[in-house]
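Trainee: The chain contents come next:
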Amino acid sequence: MIDSKKYLVAFIITAAIFGTAIFASNILTGKKLEDVRDIENRVALDILSSETQFSLLAETSCRDIGPGFLSKELGPLGERLSYAEDQKGFNDADVDSLKRSYFLLEIKDYLLMKQLALKCNVKSTFILYFYSSEDDRCEDCEKMGYVLTALRDKYPDLRVYSFDYDYDLGAIKTLISINKVKDRLPALIINGVPYYGFKTVEELEKNVPALKKLQTATTTPAR
Amino acid sequence: MADVQAIILYCSLFISLFFEVFLLITYLEVRGEIKLEDERSLKGIANFPTTTVIVPCFNEEATVAATIESILALDYPEDKLSLILVNDGSTDSTLKVLNSFKTNSRISVIDKKNGGKHTAVNLALEKVETELVGCLDADSFVTPLALKKIIPYFDDPKVMAVTPSIKVHEPKNILQHIQKTEYSWSIFLRRMLSSLGALYVTPGPFSIFRAQVFRDLGPYKHAHMTEDMEMAMRMQKNHYKIVNSHGAHVYTVAPATLKGLVKQRARWSYGFLNNAIDYKTLFFNRQYGHFGMFIMPIATLSLFTSLIMVGNVLTGFVEKGLNLATRFRAVGFAGKLHWPSFDWYFLNTGILPIIVITAVGLTLFILYLSLKLADGKFKLHRGIFYYLFLYTFLVPLWLIKALFDTAFKRKVSWR
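Protein chains in written order, with our numbering: chain Z, 1 to 223; chain V, 1001 to 1415.
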């Protein structure tokens, strides 16, 4: 005789385990997105603070600008978003909305940095990196990403702003248009000069004068 | 496509988890019964049925003497136990070894042309006149109390066969240690299946039958080189009760090489699948209780779900490997190593990992119960770690071979 009750109990327990897993996963994923949102808010606040400080520059000196003038959290924010994009379980619409805000924050930070460099004669190096997240659109983008991460690890002062070339955002399109970025990915704009195709760390260090200066800066003892 | 794959994967996980939960519920139901069996006194056995043990041999010169010695050392009345040793056309000195035991009046030796294990056992079965009959593969050894542990189960007149607990004999290398742990798992599984009346194999090493079984149901068949599975399925089909004695220990020599292991397991999986096909009328047939309604379908399905789950694990490893390779091609050893696990954000908290962790947790718990049941107590040994980390990678080797052989109707060989 088959004890149907046993099957029912086993089914309910298994279904409960699945239900709990779905529930726990949703809660944790929600917390992660909240985490990203918090960082975005902090970056937005950092930028607002920097902009305000920058506006006051007319009345004060460039020397008053401290080392923490620009937000330090853009990098970690990018890593978190990139992880969320790769993982299953995150709500695509939520991630997309956070990505949109992230690109805008990057552009604001980039503009602020350019103004700062111009007004205060700060020697800064930054890279605009254009990639594509579409399948088979840019085979070398993944490799390029690793190179830029390695560069940023090597030169903490280097600012890398990465943008999805195909992302439907007016500000990115304008950025592409202003910098005349061709549809040959991966594309790098380093201090205004375009570089197309995959480049190794060594190639970039060898061919990009701006990076060379950074290299010198990191190897020269601080006074 | 990715969605279909995900659905198949989740279904496979659900089935596996369901089976584990089902086993644990069964364990909770029968643990009292198991305790009683463990505490049962062997001194109270009033009737020792006459028993014949058949030892079929094909090129077993290295181990057969120890096998026979172990049977002779059984704690059982000498006048109630006899042995039939069958040389199945060995090309080594097996016959010479067998003949050296001829002086013992309880032992008879048969020499025949090679025809396969089932022919050797069947020839011996024709000469059996005892109440009980069993078989012991010539690479296995019984412990002295094994038969005494089995006999009390025959007090129930409905019991027609009793299967033992099989353990690995002196594991030496990693593969054998993995099998040692795996066999402990099987001891637990068989004991649970016994309570469900759903044993689908009466293993070659020391399953003891009422001789009546063979008179009623006929001799062993070739049965896709797994005659012990076919016999159990035939018995189930005829509602003959098979139970398991987890306390009757038999040791077997486990394959020491990967090639040997894959060949053996592919034969088992192939044999199960093909016998299951032969006995497909039992599937989802209420008449056959848990055996037909649940165990046979899930055991068949598990061949495929295991492959899907293992495939998923391997795909994950391959993807990680490719990512590392891409990173290496991009930056070599340059750049800092990123260890995202230090930040909880980078822990994978998807539904799949949570379910997998739960399933692994249940597996570990069942493994703990299995080792306790097999050895009387839980003791950590290296086999557990090898099993946990390596077994997953071995399974697809024989599953793929078995499925391939079945799909293309390829014949399998014993060795």
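Keep in mind the hints are simulated off the structure, nothing from the lab. In this text the structure is predicted, and so the values were computed from the model without any measurement. Among the clues, some could well be false.
Unchecked claim - Once the Cα atoms are required to be at most 30 Å apart in a straight line, the calculated DSSO-like pairs of lysine-lysine come out as:
id, chain 1, residue 1, chain 2, residue 2
1, V, K1409, Z, K5
2, V, K1259, Z, K5
3, V, K1043, V, K1241
4, V, K1409, V, K1158
5, V, K1043, Z, K5
6, Z, K6, Z, K31
7, V, K1113, Z, K6
8, V, K1320, Z, K154
9, Z, K114, Z, K88
10, Z, K6, V, K1280
11, Z, K180, Z, K143
12, V, K1377, V, K1113
13, V, K1158, V, K1259
14, V, K1043, V, K1372
15, Z, K99, Z, K173
16, Z, K31, V, K1372
17, Z, K5, V, K1158
18, Z, K5, V, K1280
19, V, K1158, Z, K6
20, Z, K143, V, K1320
21, Z, K6, V, K1148
22, V, K1035, Z, K5
23, Z, K173, Z, K114
24, V, K1409, Z, K6
25, Z, K6, V, K1241
26, Z, K99, V, K1320
27, V, K1320, Z, K88
28, V, K1043, Z, K6
29, Z, K5, Z, K123
30, Z, K88, Z, K123
Trainee: Does each hint fit the structure? Answer for all of them.
Mentor: Structure-based check of each hint:
| no. | hint | verdict |
| --- | --- | --- |
| 1 | V:K1409 <-> Z:K5 | violated (40 Å) |
| 2 | V:K1259 <-> Z:K5 | violated (44 Å) |
| 3 | V:K1043 <-> V:K1241 | holds (25 Å) |
| 4 | V:K1409 <-> V:K1158 | violated (38 Å) |
| 5 | V:K1043 <-> Z:K5 | violated (39 Å) |
| 6 | Z:K6 <-> Z:K31 | violated (37 Å) |
| 7 | V:K1113 <-> Z:K6 | violated (51 Å) |
| 8 | V:K1320 <-> Z:K154 | holds (24 Å) |
| 9 | Z:K114 <-> Z:K88 | violated (37 Å) |
| 10 | Z:K6 <-> V:K1280 | holds (24 Å) |
| 11 | Z:K180 <-> Z:K143 | holds (23 Å) |
| 12 | V:K1377 <-> V:K1113 | violated (46 Å) |
| 13 | V:K1158 <-> V:K1259 | violated (41 Å) |
| 14 | V:K1043 <-> V:K1372 | holds (24 Å) |
| 15 | Z:K99 <-> Z:K173 | holds (15 Å) |
| 16 | Z:K31 <-> V:K1372 | violated (41 Å) |
| 17 | Z:K5 <-> V:K1158 | holds (26 Å) |
| 18 | Z:K5 <-> V:K1280 | holds (25 Å) |
| 19 | V:K1158 <-> Z:K6 | holds (24 Å) |
| 20 | Z:K143 <-> V:K1320 | holds (14 Å) |
| 21 | Z:K6 <-> V:K1148 | violated (33 Å) |
| 22 | V:K1035 <-> Z:K5 | holds (24 Å) |
| 23 | Z:K173 <-> Z:K114 | holds (19 Å) |
| 24 | V:K1409 <-> Z:K6 | violated (38 Å) |
| 25 | Z:K6 <-> V:K1241 | holds (21 Å) |
| 26 | Z:K99 <-> V:K1320 | holds (25 Å) |
| 27 | V:K1320 <-> Z:K88 | holds (16 Å) |
| 28 | V:K1043 <-> Z:K6 | violated (37 Å) |
| 29 | Z:K5 <-> Z:K123 | violated (75 Å) |
| 30 | Z:K88 <-> Z:K123 | violated (41 Å) |
Comparing the model with each numbered hint stated earlier shows that hints 1, 2, 4, 5, 6, 7, 9, 12, 13, 16, 21, 24, 28, 29, 30 do not hold.
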